[in-house]
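Colleague: So the sequence lines, in the order shown, correspond to chains A and Y.
Using my numbering, you'd call the opening residue of the first sequence number 1 and step up by one each time.
Using my numbering, you'd call the opening residue of the second sequence number 1001 and step up by one each time.
Read the hints as simulated data drawn from the structure, not as lab findings.
A portion of the hints provided could be inaccurate.
Just so you have them, the derived chain A footprint on chain Y, three or more residues with Cβ under 8 Å [what the hints assert, rightly or not]:
hint : segment
1    : 1112-1126
2    : 1148-1155
Partial list, computed: chain A residues near chain Y (C-beta under 8 Å) [stated by the list, open to error]:
hint : residue
3    : Met1
4    : Lys21
5    : Asp43
6    : Ala69
7    : Gly81
8    : Phe98
9    : Val124
10   : Pro128
11   : Ile136
12   : Pro142
13   : Ala159
14   : Lys187
15   : Val188
16   : Ala191
Using N, Cα and C, we set each Cβ at its ideal position, and we do this for glycine too.
Number of protein chains: 2
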Amino acid sequence: MSVLNEILEANKGYAKEFGDKANLAIPPARRFAILTCMDARLDPAKYAGLSEGDAHVIRNAGGRASDDAIRSLVISYKLLGTKEWFVIHHTNCGMEFFSNDLMSNLLASSLETAELGAAGFKDVGQGPGSNEGKYINWLTIPDQASSVLEDVTRIKSHALVPASIPVYGYIYDVSTGSLIEVPEATKVGQAR
Amino acid sequence: MSVLNEILEANKGYAKEFGDKANLAIPPARRFAILTCMDARLDPAKYAGLSEGDAHVIRNAGGRASDDAIRSLVISYKLLGTKEWFVIHHTNCGMEFFSNDLMSNLLASSLETAELGAAGFKDVGQGPGSNEGKYINWLTIPDQASSVLEDVTRIKSHALVPASIPVYGYIYDVSTGSLIEVPEATKVGQAR
């Protein structure tokens, strides 16, 4: 079965058991938002105990506080009333394994998927590639405690973020499923 | 109990039953990515039938193909091998209920949460606000079929996206839990 058909089949089952979820309100019932990584191994609803209707979940490569994540967070509190936020990066993140230069070189070489070997990512595709990758900041992560601290700091110091919103910094451990605090980040992120 | 403690408590339970999820690989096992909205009522793992390790999930306000979503999608295929993508917006999205001008005016008036009345969002907070909101494109959604089509079109025509990746366009119905195809988008999004 194709991925598309698998998804549609799974969705039919979900819709059949949908029940009273039709009555959920737009504003998150538990009034918080999580910013985390797109990584396939992470299921924020499961690792943080969310039901439908509870919280906003924002995800991108790395769980970074990009301009777009800030756009989403500002909409989250200003229009939909969230009152606290969580930045959750994770161990063994793909964003640790490359640099801006490597990524733009790989894309300049070809648009096909690179191979990950002992020496790192290597392009094995057929060209043409594109130089457009040189104009993107890939927001790679040298180490998670630093990236969580940087992102909580960026959010807290943004002109559109009220000082009253606490931002908590955590790392999700993909080998145990546990959330581990980054105390320096939570300290920077406390409500004032 | 505070939200933070509730999350940590739920996480303890998840970690206790973590089992063999520690062995999941970084590349998504089912080789696809979903771009969808941060809305609290949406649980993509549930509505599309995903287990941990299956697929990348990218979420922002609206599920829009922002530059940051494109950054994430390019990392998803180039380094981690996804081969097909889904853009899934939804009915009754908060992004339908305001405009760029309204949002920047609300933020200029105060940073507190606005009130939603019969006449739309209204600022009831105490100033000061900030003019920084005028420099952000909020990527609002006038109607979902158009926004899905726009976003699939933007992704398919991006210089870093290989023509071989099909992009499917769907709307999630928050009143039934069902995925509804946007045929024009899927047509634009087919692999070439």
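Colleague: Compare the structure with each hint and give your call.
Modeller: Verification of the hints:
1. 1112-1126: holds (count 5)
2. 1148-1155: violated (count 0)
3. Met1: Status violated, d = 11 Å.
4. Lys21: holds (7 Å)
5. Asp43: Holds - the Cβ of A/Asp43 comes within 8 Å of chain Y, reaching about 5 Å at its closest.
6. Ala69: With a minimum Cβ separation of about 7 Å from chain Y (threshold 8 Å), the hint on A/Ala69 holds.
7. Gly81: With a closest approach of 5 Å, the A/Gly81 hint holds.
8. Phe98: holds (7 Å)
9. Val124: violated (12 Å)
10. Pro128: violated (10 Å)
11. Ile136: Since the shortest Cβ distance to chain Y is 6 Å, the answer is holds.
12. Pro142: violated (16 Å)
13. Ala159: It holds, given that the least Cβ distance between A/Ala159 and chain Y is near 4 Å, below 8 Å.
14. Lys187: Violated, because the Cβ-Cβ distance from A/Lys187 to chain Y comes to roughly 14 Å (cut-off 8 Å).
15. Val188: violated (16 Å)
16. Ala191: violated (12 Å)
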